[in-house]
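K.L.:
Single-letter residue listing:
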Amino acid sequence: MSALIEIEQLTIKTADGRPLVTDVSFSIHAGEPFCLVGETGSGKSLVMHALMGSLPDELRCSGQIRYQKENLLALPAAQRRAFWGRRFALLPQEPWLALDPTMTVLDQVAEVLLALEGMPLGQARKLATTELSVLGLGDNLLSYPFELSGGMAQRVSIAMARIAASPLLLADEPTKGLDKALCQTVADLLLTEADAGRGLLVITHDLDLVAALGGRLGVMRDGRLLESGVTEPWLKAPTQPYSRELIAAMPQHWPRPQTKVSAQRSEVVQAQGLSKSFGDRHLFSDLDVTLREGEVTVVLGPSGSGKSTLGNVLTGLLPADAGQLIWPESASPLKYQKIYQDPPAAFIAHQTLRQSFDDLLALHGLEPARLNHLLSELGLAEALLERRPSGISGGELQRLAIARALLLEPVMLFADEATSRLDPVSQKKVIELLLAEVAERGLALLLVTHDPALAERIADQLIRLDQQPTDAAAQQQAA
Amino acid sequence: MKQRLMLRLMQCVAVVLMVGTLSFALMVALPGDPAMRIAAGRYGPDMMNSAIADQVRAELELEQPLAQRFVVWMGDLLRFDLGHSLVTGAPVVDEIGLQLGHSLMLALLAFAISLLIGPTLGALAGLMPGSWMDRTTLVLATALRAVPPFVLAVLMMVIFAVTLRWLPTAGFGSWQHLLLPAITLALGLAAMSSRVMRDAMVRVTREPYFAHARLKGLSDRAVVQRHGLRNASLPVFTYLGLQLVYLVEGVVVVESIFAFPGIGHALVHAIIARDVPMVQGTALAMGGLFVVLNSLVDLGCVQLDPRLRRAA
Numbered sequence: 028m029s030a031l032i033e034i035e036q037l038t039i040k041t042a043d044g045r046p047l048v049t050d051v052s053f054s055i056h057a058g059e060p061f062c063l064v065g066e067t068g069s070g071k072s073l074v075m076h077a078l079m080g081s082l083p084d085e086l087r088c089s090g091q092i093r094y095q096k097e098n099l100l101a102l103p104a105a106q107r108r109a110f111w112g113r114r115f116a117l118l119p120q121e122p123w124l125a126l127d128p129t130m131t132v133l134d135q136v137a138e139v140l141l142a143l144e145g146m147p148l149g150q151a152r153k154l155a156t157t158e159l160s161v162l163g164l165g166d167n168l169l170s171y172p173f174e175l176s177g178g179m180a181q182r183v184s185i186a187m188a189r190i191a192a193s194p195l196l197l198a199d200e201p202t203k204g205l206d207k208a209l210c211q212t213v214a215d216l217l218l219t220e221a222d223a224g225r226g227l228l229v230i231t232h233d234l235d236l237v238a239a240l241g242g243r244l245g246v247m248r249d250g251r252l253l254e255s256g257v258t259e260p261w262l263k264a265p266t267q268p269y270s271r272e273l274i275a276a277m278p279q280h281w282p283r284p285q286t287k288v289s290a291q292r293s294e295v296v297q298a299q300g301l302s303k304s305f306g307d308r309h310l311f312s313d314l315d316v317t318l319r320e321g322e323v324t325v326v327l328g329p330s331g332s333g334k335s336t337l338g339n340v341l342t343g344l345l346p347a348d349a350g351q352l353i354w355p356e357s358a359s360p361l362k363y364q365k366i367y368q369d370p371p372a373a374f375i376a377h378q379t380l381r382q383s384f385d386d387l388l389a390l391h392g393l394e395p396a397r398l399n400h401l402l403s404e405l406g407l408a409e410a411l412l413e414r415r416p417s418g419i420s421g422g423e424l425q426r427l428a429i430a431r432a433l434l435l436e437p438v439m440l441f442a443d444e445a446t447s448r449l450d451p452v453s454q455k456k457v458i459e460l461l462l463a464e465v466a467e468r469g470l471a472l473l474l475v476t477h478d479p480a481l482a483e484r485i486a487d488q489l490i491r492l493d494q495q496p497t498d499a500a501a502q503q504q505a506a
Numbered sequence: 014m015k016q017r018l019m020l021r022l023m024q025c026v027a028v029v030l031m032v033g034t035l036s037f038a039l040m041v042a043l044p045g046d047p048a049m050r051i052a053a054g055r056y057g058p059d060m061m062n063s064a065i066a067d068q069v070r071a072e073l074e075l076e077q078p079l080a081q082r083f084v085v086w087m088g089d090l091l092r093f094d095l096g097h098s099l100v101t102g103a104p105v106v107d108e109i110g111l112q113l114g115h116s117l118m119l120a121l122l123a124f125a126i127s128l129l130i131g132p133t134l135g136a137l138a139g140l141m142p143g144s145w146m147d148r149t150t151l152v153l154a155t156a157l158r159a160v161p162p163f164v165l166a167v168l169m170m171v172i173f174a175v176t177l178r179w180l181p182t183a184g185f186g187s188w189q190h191l192l193l194p195a196i197t198l199a200l201g202l203a204a205m206s207s208r209v210m211r212d213a214m215v216r217v218t219r220e221p222y223f224a225h226a227r228l229k230g231l232s233d234r235a236v237v238q239r240h241g242l243r244n245a246s247l248p249v250f251t252y253l254g255l256q257l258v259y260l261v262e263g264v265v266v267v268e269s270i271f272a273f274p275g276i277g278h279a280l281v282h283a284i285i286a287r288d289v290p291m292v293q294g295t296a297l298a299m300g301g302l303f304v305v306l307n308s309l310v311d312l313g314c315v316q317l318d319p320r321l322r323r324a325a
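Chains as they are written, first to last, in our numbering: chain D, 28 to 506; chain G, 14 to 325.
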């Protein structure tokens, strides 16, 4: 089988010569998925954009990317751009953000044909209708992106890629922001494309997806390809130490925590008969929850099931519709802290972290020494504070968010999907830190997640919120 | 949407009540003997004497107690009886009907010109942030907005009417008379809308859907036309509602300077002549117009943005 794409000694440098990707070589065969795995910042997205020809202008590429015996890197930009859609189709990260919010799904798929083949609108719409119906979106042709669930938006972007019949599909983090439960569905969709004889390059840090796709993979770190090979044996017996670390970071491979001695622990919040609904969407009713010091409570459920809302009710951020909440009399609301899902959104973007933390210390009259102590405890260099939130990694930023919450000496931490946007290694680090704080300070931890493996691994107490799956909910809304 | 329109209707009622009350208070609070003043206005200061003033007083029932006069005043208002001009004696409705037409013509032309200039330049600047185009339009917009409309109006007159002699300085009658006041208003409007459009465009070009539209194979032109302009124009359209304030304000000033017989001109003259029924009528017409146009903007926003449409 001849390779569809051959990448040889691809090196990407910044304008001032700093290497971002060094000597990466691999090939992609038609009909066989190739996954490029690695943590955020490992350079895997850069490789994909180098192949696409969509790198920022200031980056310099050397090496070869061969497609049909031609070195793409030697072609002028305009000629490479002509390949977009026709030869290489990109499945965007978080497709619900990559769809125009003000145009119907049907037209967004049809316009690909308009642009690529100059097809008249009527005919393009007809073909787009067929394509969307095949993918099970026949009832959503005239929906707008905000009326779709994450899984549906993913299928719309696949319809765009399919309709152009391009021989190579590039999928950028296709499971990012989706429920774990949808991982298999996404893998099946991608495999269908590969089975149709397309080349498939998947950029991801989701090893569950990698396992479901099979095929071959490459592991990247710090801009280098550490190893590449067939996926299945790699998952069972990785050779490189970093690969072992990656696999060990999957929650199902974490060591089981020792069962704790059930000492007499005091409650930090007690709730009885809680109910909450938004409009006619019923989230939960008659729910009894007690959170105790030193205990990890996990709320598990698909998106839209109301698990974050439950957390917000228990921390007093939202009122419940019915039911009783008892907080200890001595506890001020400041002692109930929340850690948010998306770390960059939880910090002020245009301030250095030092400024943000100084303001916080001044507001609460806290000693700067406390912060320094916490930072070293969480394994964060103090120099990080001189940067802005965009200048450090998501994992580090999330640990800073934890430091910020711990400064106030909380009795309870509510981590709202706090690790779902991090790569597995960073996720493991953050969870370990949280668990250490629980053990050391006797915090109550409430963790909200859609990952059953993670929930099962760390929960002392597990609350399942099983609502209708999001697809059905979104469909109802659209109807 | 129904709720929104109900809200607008209530705004209309509030405008009527407030303008009515304020006009009545004005009428009472004006210094001097209103009857003398009105008589002087009607017959000229030379002809005026106390007999004529008494006649006016009796005719307009100015002797009645305050509360009673207020009830009568508001009652007339709620029956849409705007009374007669104190100066000309003609029904206020007739006068306003004529002037409102002129003003609407001026306002619509100004609006159209501003939409032609503002969002177009704004979109171009937003597609090339930091370019000479962006910087030039920023300077122009800042300058035009910083200069009060009356200074701008005089400047336009000096340049285009006095020096170049392309257009008449002031007056009414032909389309040439309409042009200078309309452009004066339009420049002030375009100054703001171009910046709103520019910022919106910059935001849209950074959206993932904009980048993805290119990656899926659309040409730059198609990306801007199909995904850029509509999304960027949403905040501009919403902003039009706010711009109406500037327009109403501007109409008063610009009409007075260019001696354009519209409602703003009428308002100023009514104020100078202390012709309170006319003040009330013109203020009502302008307030009502503001609410009606804002309702149209609301409807337009809903048409443009499917998120609002589905929520409606």
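Accuracy of the hints is not assured; some may be wrong.
[Said to hold, decoys possible] Just so you have them, the derived chain G footprint on chain D, three or more residues with Cβ under 8 Å:
no.: 1; stretch: 166–176
no.: 2; stretch: 296–304
[To be verified] Not the full set, but computed from the structure, chain D residues with beta-carbon under 8 Å of chain G:
no.: 3; residue: 75
no.: 4; residue: 81
no.: 5; residue: 82
no.: 6; residue: 129
no.: 7; residue: 142
no.: 8; residue: 146
no.: 9; residue: 192
no.: 10; residue: 353
no.: 11; residue: 411
no.: 12; residue: 486
[Unchecked claim] Sample of chain G residues at the chain D side, in silico, Cβ under 7 Å:
no.: 13; residue: 229
no.: 14; residue: 244
no.: 15; residue: 316
no.: 16; residue: 320
If you're looking for bench data, these hints aren't it; they were derived computationally from the structure. Beta carbons: idealized from backbone N, C-alpha and C, even for Gly.
K.L.:
Give a verdict on every hint.
P.N.:
Do the hints match the structure? See the list:
no. : hint    : result
1   : 166–176 : holds (count 3)
2   : 296–304 : violated (count 0)
3   : 75      : violated, 11 Å
4   : 81      : holds, 6 Å
5   : 82      : violated, 12 Å
6   : 129     : holds, 5 Å
7   : 142     : holds, 4 Å
8   : 146     : violated, 13 Å
9   : 192     : violated, 12 Å
10  : 353     : violated, 38 Å
11  : 411     : violated, 26 Å
12  : 486     : violated, 35 Å
13  : 229     : holds, 5 Å
14  : 244     : holds, 6 Å
15  : 316     : violated, 11 Å
16  : 320     : holds, 6 Å
Violated hints, listed in ascending order, are 2, 3, 5, 8, 9, 10, 11, 12 and 15; each of the other numbered hints is respected by the structure.
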